[in-house]
Amino acid sequence: MSFLNILFLAGAVGIAGPILAHLLARPRFKRIPFTMMQFLEAGEMESQRRRRFRNILILLLRCAIILCIVLGFAGPVFEEKVAATEDQTTVVVGVDDSLSLAYENRFEKQRADLLQRITALPADARVTLVGLASGQRLQDSDISGATAFLRQLEPVPATVHLGDFLSTVPPAPHGGAQVYFASDFTPQLLDQITDHGDPITVADYEALFPQELAPPSNARIVSVRTTATSADYLQLAVGVDYQGEESAQLEVEARTDTAASVSASLSMHPGRKGSVTLRLPIDPTQGQSIPVTVSVRNEDGLAADNHYFLGVGFPESNERYVLIVCTNRREAFLAQTALEALGKELPHLRFTIQVMPYGNLNASSLQVADTVLITSAGSALETVSDALETFVREGGQLLTFLGREHDEPTLKALFKRGLLPAMPLSLSEKAISLTVNRASTPTSGASGALRALQNYDLGGYVFDAWYTCEMGPDSEAHWFLESGDALLYRTDLGAGESILLNISADDSLSGFSKSPAILPLYSHLMGAEGTVLLADFDADEPVRYNLSFLSAAENAPVSITTPQGGRRDGRSEGGDLRAPALGELGLAVSTIFDSPIYLGLNVPEGETDLTPATAEQIQNAMARLFRKQASEAEADDDSTTERTHFSAWALTAALGLLLLETFVANRMVR
Amino acid sequence: MAAISKQNYLDPQVLNRLGNMSLVARCCVQGFFSGLHPSPFHGFSVEYSDHRQYERGDDLRFLDWKAYARSDKLYIKRFLQETNVPVHILLDASNSMTFSGESDYSKLSYGCFLSAALAFLMLGQGDSVGLTIFNDKIRTKIPPRSRRTHLHALLQALQHSKGSGQTDLGSVLHTFAETTSRRGIVILISDLLDDKEEIQRALAHLKFLQHDILLFHTLDHMELALAYDGLVQFEDMESDRRVQVYPKAIKEAYQEKVAAYLESIEKETGRSQIDYCRLDTSKPLDRAFFAYLGKRKRMRK
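Going line by line, the protein sequences match chains R and Z. Heads up: the first sequence begins at 508 in my numbering, then just goes up one per residue. Heads up: the second sequence begins at 26 in my numbering, then just goes up one per residue.
Just so you know, the hints here were simulated from the structure itself, not pulled from any lab data. One should not assume that every hint holds.
[As the list claims (entries may be wrong)] As a list, the in silico EDC-like pairs of lysine to aspartate or glutamate whose alpha-carbon atoms are at most 20 Å apart:
1. Z/Lys282 to R/Glu548
2. Z/Lys308 to Z/Asp36
3. Z/Lys98 to Z/Asp83
4. R/Lys537 to Z/Asp265
5. Z/Lys273 to R/Glu551
6. Z/Lys162 to Z/Asp83
7. Z/Lys282 to R/Glu553
8. R/Lys537 to Z/Glu203
9. Z/Lys273 to R/Glu548
10. Z/Lys276 to R/Glu553
11. Z/Lys232 to Z/Asp300
12. Z/Lys102 to Z/Glu127
13. R/Lys919 to R/Glu847
14. Z/Lys276 to R/Glu983
15. Z/Lys221 to R/Glu548
Everything numeric in this text was worked out from a predicted model, so none of it was measured.
Chain R on its own, in the form it takes in the complex:
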């Protein structure tokens, strides 16, 4: 025999009470002078005998009542060997279908895992399934019935009831029951497990829990967008996802680093999404980049469930002077068209375009330009090479298109001066297709605009000739072609840069100018400053973005949401954001077409009541619930053990004895 709560046996000392009362009690009597004593004496013996019997009976009943109460609370369990049944696989599955499993796709993953395990069971296996929160139950079914039941289970807005499940775990027959316990092991469940009594003996047990035990938020900001701006406020639309198990009132707050803040309440129901609009006051003098923190807090008294960090950029109006140097009107027209298209996409950019024939190019015209586009290199360039060099060194941008028609000596001279990043060597007559090699690696420091060009397919043009180029010592090559040659060469020169774009295969600006790839190049050349996201990173390098304005994002997992809706997982380290992949972030640069520009970083932090346990905590919890059969001998025993609980019997017996004691005390003749 064993006991569920053995400490209650200490209450057996209470038996001393009735015993002492019996021994020490002195009955009260009346003293009456009487005469006919001889007739009393005959009945005295009988009366004393009867009294003694009654008193002892009452004493025994009272002691038995106390013992029964003690046993009732101690929970005796009798194990009885019964005849063994045939070996059969018995499986009991507890499925956590509480609402915490509705987070993302955790329940689906859990279901898939269980289905895989159940279908792998022997054909004659009998399965009992219990929804831990819903209470739905399938008792002793075959595999097909079990899988059908499991497929129709869905998370419900309820919490787990452990006791209901444990009552279905049968006494271990020969071979025992295999128990699967699938859950995310929230703190509420762990509390129930802590209060459990002796573990149940089973053949084997296994806890199935989500492997990625990253703490989910039961309230999470899914999106923050600026819907309106002005000089002194920023209007934000905040989308919130709520996965708590009960309806709650959330508080959404937005604040800047200058302590200005605004908050609003949001009523949420489990499994629902909601949104709220916040109008955040901002200081126009804060600068072009304003970090905004949006947080959501549950009313459970814990810290905020989730923060969403926003970098909001307000690019200044930018006026650029672009000088197009061309040999003919057609080239000028194509270049101008591309720039005008860029201007439509970036309203904060205004640029003035001047078209100048080669022959008119002079030093004074270079002085007012910010960017010089040379549609084809001609001999006149050499005459202004000093001025060009000065122009670039002082921060100007030079873009030279290398076509079939070019003045080779001029280009070589400019190359030797370091003004051009590369010079043409010879015209290769090998036919090539003009396809960008995406595997080519840009060097670090190259702008995101340039790297974005890698994603663009130029249409697979086939060219019958191509000029190979020699790179300068400080130049870098990008946008490699299948032939191994680069399409774009670049070099820094002083404060400015010079880019050579080899379009000699086409010998025409039209194809390239029609490609969307030209726009990021031009926007780079235009210097679309004021974007927050001019983060320099390489294609395969971890993204490093300074998160110094995030006070609580140290060594925290970070979910990066791009304005396009894409998501990447990263982590903050040392104040920097690190993310493995780039492409979409590179695309984020293309969002310079959107104004204002922002990048949202969702940092799940704060305390939640859905914080799952560690693997070690889960294993300890399972050991409190279940105990594996100790030895082969126990497993091979030719009999099975049935466990019978006697708590209810003991308490019922106590009640019956109490009624009997009352009857004896009041009715039994003394």
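Start from chain R and add chain Z according to the hints.
Quick look at chain Z alone, frame taken from chain R:
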């Protein structure tokens, strides 16, 4: 004091409130006779109640001249007793007689009322009455006299009687028998709580001496019923004996034993031709009177 009917004077509760034995005696007797319609006991009222026709040889002293004047016929008064035997009232005044149960008066008080009433009745009829009060010894002995003034002495003795000591009925009766020369009527008022064999022998002694014995066995209602609740320690009034019982538990057996005991006494006395009358002190005294008067009637036949 509320008006009390004459019949109530037989109620010992009422008599107990009277306080004066002389008053008790008168009221009791008057109460008794007032209730009789007509009196079946000829010759026992304080006045004559009947005549018979004169027969030759009757004593002319008892001729009722008034009746003759009225009817021109000769009648002889019958109230006059034709016998004259002394009556000895023996009253047990041992400690056990002071038992009162749940009433305000004890067996001894009851016995005193009875004795006073009987004495009053008998002296009124011209009998001589003596009184002996005893416990384990004779405490008071008043020889029989027939004068009416003798009643005062008897009532005084009864008024001042107190219960005490143990009972030795056998010894007292033997002593009485040996010291009483003339046969008479012996009225014994006692609870008979003594050795039964001794009592029987003593009574037999009296019968041998040709006394007529009228035995009033006086018992309290609680002695017969044992109607007590709870745990009771009964303490003997004449010894140190104690018994602790729940009376309800033994009541039935007790009553059976008491009934058997009383039945045996009744049989024994019947066999010995002793008139036996059991008196419950909670009942009116008329039963005692009927017993006495019946005795007298049998004696006259």
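Satisfaction of hint between R/Glu847 and R/Lys919, Cα-Cα up to 20 Å: violated, 32 Å
Pairwise hint evaluation, Z/Glu127 against Z/Lys102, where the allowed Cα distance is 20 Å at most: violated, 47 Å
Hinted pair Z/Lys276 and R/Glu983, Cα distance within 20 Å: violated, 127 Å
Z/Lys273 paired with R/Glu548 [C-alpha distance capped at 20 Å]: The hint holds at about 14 Å.
Given pair status - Z/Asp300, Z/Lys232, alpha carbons within 20 Å: Since the Cα atoms of Z/Lys232 and Z/Asp300 sit roughly 11 Å apart, the hinted pair holds (cutoff 20 Å).
20 Å Cα cutoff - pair Z/Lys276, R/Glu553: holds, 12 Å
Restraint check for R/Lys537 with Z/Asp265, where alpha carbons must lie at most 20 Å apart: holds, 16 Å
20 Å limit on alpha-carbon distance, applied to hinted pair Z/Lys273 and R/Glu551: Roughly 12 Å between the alpha carbons, so the hint for Z/Lys273 and R/Glu551 holds.
20 Å limit on alpha-carbon distance, applied to hinted pair Z/Lys162 and Z/Asp83: violated, 47 Å
Hint consistency between Z/Lys98 and Z/Asp83 [alpha-carbon to alpha-carbon, up to 20 Å]: holds, 14 Å
20 Å Cα cutoff - pair Z/Lys308, Z/Asp36: holds, 7 Å
Given pair status - R/Glu553, Z/Lys282, alpha carbons within 20 Å: With Cα atoms ~14 Å apart, Z/Lys282 and R/Glu553 stay inside 20 Å; holds.
Of the numbered hints given earlier, the model fails hints 6, 8, 12, 13, 14; all others are met.
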